[in-house]
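> Position 6 of the sequence shown, counted from 1, bears residue number 6 in UniProt numbering, the numbering being contiguous throughout.
FYI, nobody ran anything at the bench for these hints, they're computed from the structure. A portion of the hints provided could be inaccurate.
[What the hints assert, rightly or not] Within a straight-line C-alpha distance of at most 30 Å, the following computed BS3-like cross-link-like pairs (lysine-lysine) qualify:
(1) LYS34 with LYS82
(2) LYS13 with LYS46
(3) LYS73 with LYS13
(4) LYS34 with LYS13
(5) LYS82 with LYS46
(6) LYS34 with LYS46
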Amino acid sequence: MVDFWAEWCGPCKMSGPVLEQMSDEYAGRVVISKVDVDSETELASKYGVMSIPTVILFRDGQEVSRQIGFAGKAGYVSLLAKAGVV
């Protein structure tokens with residue numbers, strides 16, 4: 001699960017703590033990483049990230065789902081559930 005974010009993004013500041021909590025909660029089942037779109041413009045472009053926060057769920061290197069905008073914990077858990085992770 002990759003969180004595309006930026007320091008100046010208000011909704012990103014809300015999603016960060018939620019995803020950090022989930023990283024602890026789902027340790028061993030889900031790896032949650034963060035990508036600063038200002039520092040990693042090519043990576044953000046590669047995955048078509050046009051709005052932030054955008055969370056992309058990958059399985060075996062392939063995108064399986066994405067959430068654009070802050071979804072709260074319930075939204076991110078739903079993303080994992082739809083992909084059969086939890």
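> With reference to the structure, classify each hint as holding or not holding.
Results of checking the hints against the structure:
no. : hint             : in the structure
1   : LYS34 with LYS82 : holds (21 Å)
2   : LYS13 with LYS46 : holds (23 Å)
3   : LYS73 with LYS13 : holds (14 Å)
4   : LYS34 with LYS13 : holds (12 Å)
5   : LYS82 with LYS46 : holds (24 Å)
6   : LYS34 with LYS46 : holds (15 Å)
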